[in-house]
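*Asks:* The lines below spell out each chain.
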Amino acid sequence: MILNYLGPSASTYAGQIDFLFDVIFVLVGIPFLIASGLFFYFILRFKKKDGQPGMYITGEEHEYKKWIHRAHVPILVFDVVIVVIAVNVWYTIKQDLPEQESTIRVVAQQWAWTFEHPGPDNVLGTADDIPTVNELRVAKDTLYHFKLESLDVLHNFSVPAFRLKQDAIPGRVITGWFEPTQEGEFDIQCAEICGIGHGLMPARIVIESKEQHAAWVAENSPLSLAAHVPAGPTSPVAKP
Amino acid sequence: MAESIPAEHVADHGEHHEHHEMSFLEKYVFPLDHKMIAMQYMFTGMAMGVIGGLFAYVFRMQLAFPGMDVPGWGQVTPADYNSLVTNHGSIMIFWVAMPVLIAAFGNYLIPLMIGADDMVFPKINRLSYQVFLLSAIIILASFFVEGGAFGGAWTSYPPLSSKPQYSLTPLGSSMWITAVALEFVAFLLGGINFITTAMNSRAPGMKLWDIPMVVWMIVIASILFMASVGPLLAGGVMLFFDQQLGTAFFDPDRGGDPILWQHLFWFFGHPEVYVVLLPAVGIVAEVITVFSRKKLFAYKTVLYTAIGTGVLSFTVWAHHQFIAGIDPRMANVFTVTTLLISVPIAEMMFVYIATLYGGSITLPTPMLWALAFIFEFLIGGITGIFLGASGEDIYMHDTYFVLAHFHYTFYPIAIIGTFAGFTYWFPKMFGKMMDETLGKAHFWLTVIPFNVIFLPLFVLGAAGQHRRIYDFTNYPQLAQPWMQDLRVLATVALCVMLGAQLIFFYNIFKSLRSGKPAGKNPWNAATLEWTAASPPPHGNWPEGLPNCYRGPYEYSVPGRDKDYWPQNEPA
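As they're listed, the protein sequences go chains A and B. In terms of my numbering, the first sequence has 62 at position 62, counting the first letter as 1, and numbering is strictly consecutive. In terms of my numbering, the second sequence has 166 at position 166, counting the first letter as 1, and numbering is strictly consecutive.
Bear in mind the hints are in silico, worked out from the structure with no lab data behind them. Fair warning: there could be bad hints in the mix.
[As the list claims (entries may be wrong)] In silico lysine to aspartate or glutamate, DMTMM-like type, Cα no more than 25 angstroms apart, as pairs: (1) 47/A to 554/B; (2) 300/B to 61/A; (3) 210/A to 152/A; (4) 140/A to 152/A.
[Said to hold, decoys possible] Not close to chain A: a few residues of chain B, all C-beta gaps over 12 angstroms, as computed: (5) 122; (6) 241; (7) 296; (8) 307; (9) 323; (10) 484; (11) 568.
Note that CB positions come from ideal geometry on N, CA and C, so glycine has one too.
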């Protein structure tokens with residue numbers, strides 16, 4: 001509800017994160033309203049009046065202390081609810097790795113993104129792969145694995161519309177997944193400070209229908225480019 | 001043992017004699033008196049706070065009006081922006097919150113509140129401040145060396161921080177880590193003093209449960225600090241070696257691991273939050289009991305929640321690293337421990353609210369600050385739940401939601417808590433009352449703009465705006481007009497808030513010159529520091545150290561004429 005109102009929600013698991021946000025919002029909102037309500041009520045109710053001294057309460061008396069202890073019950077229950085949903089969401093996005101329909105490689109460096117898309121054979125690491133800079137093209141309703149790498153420092157592959165975020169670490173390949181549910185063009189941000197140009201490495205993700213995407217792949221694969229436009233550039237490097 | 005021997009006779013005080021008039025240098029520059037060292041820490045911390053605040057002014061102007069010539073700075077380059085946000089964070093935590101809350105209040109209050117003439121180790125105390133001052137000079141000097149100040153965020157993650165070819169600040173990065181390490185040394189020295197003094201120099205009759213809460217909190221905070229800082233100091237040495245000697249502790253190309261630094265940093269970094277939180281909640285306990293004329297609700301419970309929070313805080317550090325590439329299964333464990341912290345912290349907040357129940361509440365400036373602390377910290381606490389929940393953190397990590405959340409914790413701690421303590425003990429420190437009208441104007445013009453700055457940032461963070469990005473116009477989704485309006489709103493509020501601090505400094509100046517004399521006990525408080533002269537002379541109680549007969553919060557005791565019962569008054 002709340003997150004969806006603030007920005008687009010374009011992956012299969014974005015709705016789960018949005019739902020978790022709403023749940024937490026309500027479950028922390030209720031204790032907050034009660035606590036701050038009591039807080040302001042006490043300040044007004046117990047303002048100094050002449051001839052009325054403060055009460056002498058040590059706080060160790062059962063009749064008073066029970067109120068503090070009773071408050072733990074709802075808080076613990078709320079905590080359990082939040083943990084169960086949060087772990088469930090976490091498991092779906094980060095621990096579970098569903099079967100992929102396609103795989104892309106995301107390489108971060110100071111200060112640009114390189115994306116490698118599989119060519120018409122849909123296998124990454126073959127001669128028909130399509131590399132692009134600062135523009136990732138994917139098909140709607142297709143489950144992707146991404147292989148995230150960094151060439152120098154820590155970066156973070158963040159697609160707010162997907163509610164997805166993952167650090168890229170030099171020397172490691174981190175695998176994750178996403179499945180776009182909406183066509184359109186969204187921001188990719190680097191979410192880990194990576195030096196002077198950290199604010200200057202915006203990239204875009206373009207989500208198109210499966211047919212459009214297949215057409216784009218066919219058109220831009222180095223093999224087909226070589227066949228049709230021998231003198232042209234070998235890779236369609238998008239404008240940064 | 002020290003409590004029975006006047007300060008002048010302690011062997012440590014060899015240089016000066018009790019009749020010897022102290023020179024300016026001895027008294028103000030190289031003092032051994034805990035109160036003067038406290039003032040050095042206090043005003044150095046405040047000066048650093050002003051510098052950190054002005055840094056915020058420069059980078060917030062850039063965010064609100066990208067590319068503008070910021071008055072007083074000029075064009076903000078990406079390198080400027082990074083080093084300003086990095087050093088704003090570092091300074092506010094290490095050179096403002098720590099010196100003011102732990103060192104200044106700890107030094108000032110511990111001997112006075114436990115009825116001692118000074119710290120147990122005055123020379124270690126003096127050394128502590130000198131090392132601290134050196135560290136502050138180094139961090140400020142780093143702005144003027146070749147390449148400029150370090151700009152890799154206050155968390156200083158390698159390889160960005162460890163390799164000059166990535167950070168482009170070959171000297172700045174090393175000066176940053178050196179300054180931070182020296183600052184830790186200063187607080188290790190100070191912590192030894194606080195713990196030893198509070199445990200050994202208490203007034204005769206002061207049992208453990210008679211120690212004022214703020215003293216307990218500073219002692220617990222010092223223990224937490226000492227227990228957590230070791231790994232980071234070791235990490236700091238490794239980072240320095242990586243930078244300057246070409247070792248490869250954090251270099252993945254040569255067998256190192258950048259994630260190792262994150263564990264070392266956050267193993268310290270999370271307890272650090274409670275290291276500064278606890279003194280602030282201690283100050284608030286002193287202030288709300290006095291101005292509601294009430295005993296602190298469930299003294300021992302407050303103490304146990306502080307210890308419980310402190311112990312738990314050692315088990316949550318990896319919640320800063322959920323999406324950093326650690327084993328994803330670890331996130332589940334750290335989510336549970338993180339959410340568990342809500343139990344003792346909520347208990348502490350409830351106890352404070354319960355202390356107000358049945359009180360006789362007045363609202364002078366210190367009380368306003370203390371109450372504001374409780375309310376604002378509540379917001380900081382509840383928004384932490386969003387981030388501690390691993391699933392939600394995937395989206396929220398490193399957004400402005402995080403930024404707003406920790407400002408809603410650190411600001412109440414470092415700024416509101418400091419003002420609560422400073423305005424409350426000002427009459428003791430300087431023997432003059434502060435101006436109430438100016439004090440209240442300062443309060444409202446600080447607290448309202450604070451909320452206007454950071455509430456919009458929650459919204460921006462929830463809309464996906466990431467931190468440490470110097471110009472959002474490059475991102476179509478973040479360049480929408482309504483978002484830019486919120487950024488401008490936050491920046492305008494920041495300028496109002498910074499301007500309002502002039503009222504505070506003018507109030508100090510005016511009150512020192514022409515404030516009403518405070519007398520020994522202007523607030524009718526029951527703790528021991530209010531039985532000394534204002535300001536207390538060297539040795540605190542030249543007439544003889546006080547005895548202690550009861551707990552610190554005996555207000556409105558039935559059957560007594562006065563509504564407070566000083567700790568030193570025989571039954």
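*Asks:* State for each hint whether it applies.
*Replies:* Hint-by-hint comparison with the structure:
The straight-line distance between the Cα atoms of residue 47/A and residue 554/B is roughly 19 angstroms, inside the 25 angstroms bound, and the hint therefore holds. Straight-line distance between C-alpha atoms of residue 300/B and residue 61/A comes to about 13 angstroms, which keeps the hinted pair within the 25 angstroms bound. Distance check on the hinted pair: residue 210/A and residue 152/A sit about 34 angstroms apart at the alpha-carbon level, beyond 25 angstroms; violated. Distance check on the hinted pair: residue 140/A and residue 152/A sit about 31 angstroms apart at the alpha-carbon level, beyond 25 angstroms; violated.
With a closest Cβ-Cβ approach of about 37 angstroms to chain A, residue 122/B is found to remain outside the 12 angstroms limit, as its non-interface label requires. No beta-carbon of chain A comes within 12 angstroms of the beta-carbon of residue 241/B; the shortest separation is about 18 angstroms. Listed as a non-interface residue, residue 296/B fails to keep its Cβ farther than 12 angstroms from every Cβ of chain A; the least gap is roughly 7 angstroms. The beta carbon of residue 307/B sits about 17 angstroms from the closest Cβ of chain A, which is more than 12 angstroms, so the claim that it is off the interface holds.
Against the 12 angstroms criterion, residue 323/B falls within the reach of chain A, whose nearest CB is about 5 angstroms from its own CB. Consistency note on residue 484/B: stated as away from chain A, and its beta-carbon is indeed over 12 angstroms from all of that chain's, at 15 angstroms minimum. Every beta carbon of chain A lies more than 12 angstroms from that of residue 568/B, the smallest distance being close to 20 angstroms; the non-interface claim holds.
Hints 3, 4, 7 and 9, counting from the list given before, are not met by this structure.
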